[in-house]
Amino acid sequence: MSAPMPAGRALGAPLLARDFEPTIFEFSAPGRHAASFRTTDLPAWTAEELVPEAFRQTESVALPEVSERDLVAHFTRLTHRQYSVDLGAYPLGSCTMKYNPKAADAGASLPGFTQVHPAAPASCTQGWLELLVELEESLCAITGMQAATLQPAAGAAGELTGLLLMRAYHDAHGESERRRRVVIPDSAHGTNPASVTLSGFEVATVGTNARGGVDLDALRALLDDDVAGIMLTNPSTLGLFEDEIVEIAEAVHDVGGLLYYDGANLNAILGIVRPGDMGFDIVHLNVHKTFGTPHGGGGPGAGPVAVCAELAPFLPGPRPTRTESGYDLTMPEHSIGRVHSWHGNAVVLLRTWIYLRLNGGDGLKRVSEVAVLNANWLKERLRGTYDIAYDRTVMHECVVSAKSLHHQAGLSALDVAKRLMELGFHPPTVYFPLIVEEALMIEPTETESPQTLAALADAFIQVARESLDAGNADDAKAAPRTTPVGRVDDARAARKLVVTFDQRSAQ
Amino acid sequence: MLAFLGLEDLDDLFAEIPEALRLAGGLDLPPAMSEPDVAWRLDDLASRNRPCGRDLVCFAGAGSYDHEIPAVVRSLASRSEFLTAYTPYQPEVSQGVLQAIFEYQTMIARLSGLDVANASLYDGAASLVEAVNLAVVATGRPRVLCSQAVHPHWRQQLETFSRGSGNEIDTVPLSAGVTSWNEVVGGGPFAAVVVAAPNFLGCLEDIGAARAIADHFGARLIVCFDPVSAGLLRPPGELGADVVVGEGQPFGTALGFGGPYLGLFACRLADVRRIPGRIVGETLDREGRHAYVMTLRAREQDIRRERASSNVCTNQTLMAVTAAIQLSWLGPKGLREVALGCARATRYTREALCRIDGVQLLTSAPVLREFAVGTPVAPEKLIERLVEDGFLAGVPIRPGFEGTAYEGGLLVAATEKRTRAEIDDFAAAFERAVR
Numbered sequence: 001m002s003a004p005m006p007a008g009r010a011l012g013a014p015l016l017a018r019d020f021e022p023t024i025f026e027f028s029a030p031g032r033h034a035a036s037f038r039t040t041d042l043p044a045w046t047a048e049e050l051v052p053e054a055f056r057q058t059e060s061v062a063l064p065e066v067s068e069r070d071l072v073a074h075f076t077r078l079t080h081r082q083y084s085v086d087l088g089a090y091p092l093g094s095c096t097m098k099y100n101p102k103a104a105d106a107g108a109s110l111p112g113f114t115q116v117h118p119a120a121p122a123s124c125t126q127g128w129l130e131l132l133v134e135l136e137e138s139l140c141a142i143t144g145m146q147a148a149t150l151q152p153a154a155g156a157a158g159e160l161t162g163l164l165l166m167r168a169y170h171d172a173h174g175e176s177e178r179r180r181r182v183v184i185p186d187s188a189h190g191t192n193p194a195s196v197t198l199s200g201f202e203v204a205t206v207g208t209n210a211r212g213g214v215d216l217d218a219l220r221a222l223l224d225d226d227v228a229g230i231m232l233t234n235p236s237t238l239g240l241f242e243d244e245i246v247e248i249a250e251a252v253h254d255v256g257g258l259l260y261y262d263g264a265n266l267n268a269i270l271g272i273v274r275p276g277d278m279g280f281d282i283v284h285l286n287v288h289k290t291f292g293t294p295h296g297g298g299g300p301g302a303g304p305v306a307v308c309a310e311l312a313p314f315l316p317g318p319r320p321t322r323t324e325s326g327y328d329l330t331m332p333e334h335s336i337g338r339v340h341s342w343h344g345n346a347v348v349l350l351r352t353w354i355y356l357r358l359n360g361g362d363g364l365k366r367v368s369e370v371a372v373l374n375a376n377w378l379k380e381r382l383r384g385t386y387d388i389a390y391d392r393t394v395m396h397e398c399v400v401s402a403k404s405l406h407h408q409a410g411l412s413a414l415d416v417a418k419r420l421m422e423l424g425f426h427p428p429t430v431y432f433p434l435i436v437e438e439a440l441m442i443e444p445t446e447t448e449s450p451q452t453l454a455a456l457a458d459a460f461i462q463v464a465r466e467s468l469d470a471g472n473a474d475d476a477k478a479a480p481r482t483t484p485v486g487r488v489d490d491a492r493a494a495r496k497l498v499v500t501f502d503q504r505s506a507q
Numbered sequence: 001m002l003a004f005l006g007l008e009d010l011d012d013l014f015a016e017i018p019e020a021l022r023l024a025g026g027l028d029l030p031p032a033m034s035e036p037d038v039a040w041r042l043d044d045l046a047s048r049n050r051p052c053g054r055d056l057v058c059f060a061g062a063g064s065y066d067h068e069i070p071a072v073v074r075s076l077a078s079r080s081e082f083l084t085a086y087t088p089y090q091p092e093v094s095q096g097v098l099q100a101i102f103e104y105q106t107m108i109a110r111l112s113g114l115d116v117a118n119a120s121l122y123d124g125a126a127s128l129v130e131a132v133n134l135a136v137v138a139t140g141r142p143r144v145l146c147s148q149a150v151h152p153h154w155r156q157q158l159e160t161f162s163r164g165s166g167n168e169i170d171t172v173p174l175s176a177g178v179t180s181w182n183e184v185v186g187g188g189p190f191a192a193v194v195v196a197a198p199n200f201l202g203c204l205e206d207i208g209a210a211r212a213i214a215d216h217f218g219a220r221l222i223v224c225f226d227p228v229s230a231g232l233l234r235p236p237g238e239l240g241a242d243v244v245v246g247e248g249q250p251f252g253t254a255l256g257f258g259g260p261y262l263g264l265f266a267c268r269l270a271d272v273r274r275i276p277g278r279i280v281g282e283t284l285d286r287e288g289r290h291a292y293v294m295t296l297r298a299r300e301q302d303i304r305r306e307r308a309s310s311n312v313c314t315n316q317t318l319m320a321v322t323a324a325i326q327l328s329w330l331g332p333k334g335l336r337e338v339a340l341g342c343a344r345a346t347r348y349t350r351e352a353l354c355r356i357d358g359v360q361l362l363t364s365a366p367v368l369r370e371f372a373v374g375t376p377v378a379p380e381k382l383i384e385r386l387v388e389d390g391f392l393a394g395v396p397i398r399p400g401f402e403g404t405a406y407e408g409g410l411l412v413a414a415t416e417k418r419t420r421a422e423i424d425d426f427a428a429a430f431e432r433a434v435r
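Protein chains in written order, with the numbering used here: chain A, 1 to 507; chain B, 1 to 435.
Derived by calculation from the structure, the hints in this document are not laboratory data.
Possibly wrong hints are sitting among the right ones.
Below are the SDA-like pairs computed for lysine to any residue, each with C-alpha atoms no more than 20 angstroms apart in a straight line [said to hold, decoys possible]:
1. Lys381/B - Asp490/A
2. Lys477/A - Ala491/A
3. Lys477/A - Arg74/B
4. Lys477/A - Asp490/A
5. Lys102/A - Arg74/B
Okay, the calculated bits of chain A under chain B, using three or more residues with CB under 8 angstroms as the criterion [as the list claims (entries may be wrong)]:
6. 105 to 113
7. 230 to 237
8. 268 to 275
9. 482 to 489
To list a few chain A residues with every Cβ distance to chain B over 10 angstroms, as calculated [unchecked claim]:
10. Arg9
11. Ala309
12. Arg392
Idealized CB from N, CA, C, for every residue including glycine.
Given the sequences, and given the hints that come with them, work out the whole structure.
Printed below as a string of structure tokens:
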């Protein structure tokens, strides 16, 4: 198993595309043209006849003028400067970069779904509504909840929605004035505290105990009748299961607070344990993490929010609902209102439905088992070379530290990340969670083969060994040298701000 | 692998989870289906939808438009390097997505007539919410003036999120289909003035008049624009907008039952450090070569945490890349052709429908790509009847317009895809349906 195998390294085209690619604007030549349209036989009214002068533009928008051939060449060359899951392992901790099944691509391009107008009457959208209702039921089964909204467009939107549900619940009990604080662990994702502020609550931070869990005594000291609730990720961002969750839930419920489950790390517990059974009242899911919908270079995602029965009347709407004669959109009784222009990122939700049907209940459990197995195997392979932040069985990801490496060889977590690129891998998440020094957060996911995991572990170990044993830290410090660009000066980007081609041209 | 870990069973990996919490009996979900079985089920579900196309010719808009999406855009935008990458945290292996976003930002800044644009937000409504938050933070004032002709779903979303932020939204009523600014008497101080141009009812709005109101209160002017109409209209930035937001779906993204779409967001350089979400900037690598990187990161939630003014993390990058490809395909001439095509088809449709007895325009201000009509039959009923004839007639004007002259009207849009023959047939069917 530990024999070095060549499998899984991405040393292909993206890492060879080293020539500078000009912007599309620099390919532009006056009069060049790619677009073509239907022949309409309509009267050829002019802009002067159609737009009153006061509103009419005097010059057309300066867009690139390129042929279709040049357009294809430019954007194809850009793809050769881009790493992706389809190319190789992407062990970015907390991001669950698993392989995205191609069956979902095919389903997501069926005109019977993609060409449906969101304001079409329910008689034209029965297939869509049935699919979304089924998806809601599946998500409730997975989380142990009673009802869900599919509107939030991403995890952060789900968080804000969940917190507004928390507010609406306390409001209905006449307690929203008093309940000002939401408790968040110091290991939480940055979106948690930002969402708390945006929903009008105040953040109360609770520390982490020696085992990497929530410090229960510190939590009890924070809890009072001014607490609206707590936001938790379980497993936590340290990749550890919060084994005192029952005590935490009891303590929060005892003071009248609600428990919010941040679904970022749900990939560890599918079919193993459900947030609802742990005592959570509100759960958001990141379908682009757990359910294999592709992340699109930064989005789109979808962040459905599932809730217990008491909170269902407050859900955003209108919601896809099963009726006596079919399906329709209905507004929950005490809805907090809309959180999306239409019904959520429907085509992403369609991909989610496909993923869930392909896996089924047993398949989902297998997903989590293998994800956890892979993370633990990697952690054990890296033991002795990297520091283990909290030495317990990890869940879907492991957090190791380059702290000793930094002391002994001057190599930072960032250096390790950059050198890994030269060895053909996307780096892990670095410097998160904030409470671990020189953190490297590695999430291999269930879709990487043992061969790829072995190659990945070997690469991690090679980076450390070449600086410790061979005394050669220079390679890592100089890395990456085989990528389309070398180490990027991000301080300069903020100092000399150039965010459009026109700003560049003006310099 | 288990042996290497000194374990016997996969179950041992979960020993730290209290036994009482463990799910007995597995998930209550249907068993796994094979790929072809899933495909058949999907076909079955899809057959119970009525997609827009030859069998249901689309005259519905309201923020979601049936525009041409060429093969080249579908092909490039679905390349797996764009589709299956994460947020470009590691710039050295993410130059493809970063450069595409940089090009997108340039195009959106030019379309809006402003200095800078971000890397996208969820949809038009989300962009408006973020624009209002920017203005509130910048001015320290919680109140906002918002035209009633801003998309009702966007206004509903402003209301939803105001419950958390504590923002107060004052709605300015309409007259003849455009915002009646002279009904704003006193009040304030306001953080922002919000206007849609063209507005939800299709009417062109006088951005200069909105600018005057904003100046009066020392407020930011937020303009919700239609990026397609930008092919014919003066850019909002040129007319005094401080922040321009819009729905970018028309640039290469399918109707898709309402998502994923594309939130456009542009502002002045003076506000760049308050811009929500990701923004890509240019820099150099160690060898002095051009490189792109996510910049001004200190604004963002993962660094600023509870002091961040936005919680946006995942956005709609793939749709932004798609828009950059579609806009490059269009070019200046193509964008103008789309805008002109929409305006021509809309005018032809409007004239044809308004010749029908009992059908009349509900607004008198100039319209461009969409219009509101009153009909002798309730719009919901009319739409159902016309679906039978193969037309999606439009969108009913209901929530957000209660008690106004526009309530119960029908909002009709015709894009550059509509032909004279389709519109003639639609008008004939419409005439039968209102009888």
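Results of checking the hints against the structure:
1. Lys381/B - Asp490/A: Violated: Lys381/B and Asp490/A sit about 58 angstroms apart, past 20 angstroms.
2. Lys477/A - Ala491/A: Holds. Lys477/A to Ala491/A sits at ~18 angstroms (cutoff 20 angstroms).
3. Lys477/A - Arg74/B: violated, 41 angstroms
4. Lys477/A - Asp490/A: At roughly 16 angstroms apart (the allowed maximum being 20 angstroms), Asp490/A and Lys477/A satisfy the hint.
5. Lys102/A - Arg74/B: Distance ~16 angstroms between Lys102/A and Arg74/B Cα, so the pair holds.
6. 105 to 113: The restraint on the stretch 105 to 113 of chain A holds, since 8 of its residues have a Cβ under 8 angstroms from chain B and three suffice.
7. 230 to 237: With 0 residues in contact (Cβ-Cβ under 8 angstroms with chain B), the coverage given for the stretch 230 to 237 of chain A is violated.
8. 268 to 275: holds (count 6)
9. 482 to 489: holds (count 7)
10. Arg9: Nearest chain B Cβ is 13 angstroms from Arg9/A, so the label holds.
11. Ala309: Per Cβ check, Ala309/A is outside 10 angstroms of chain B; nearest 16 angstroms; holds.
12. Arg392: Per Cβ check, Arg392/A is inside 10 angstroms of chain B; nearest 7 angstroms; violated.
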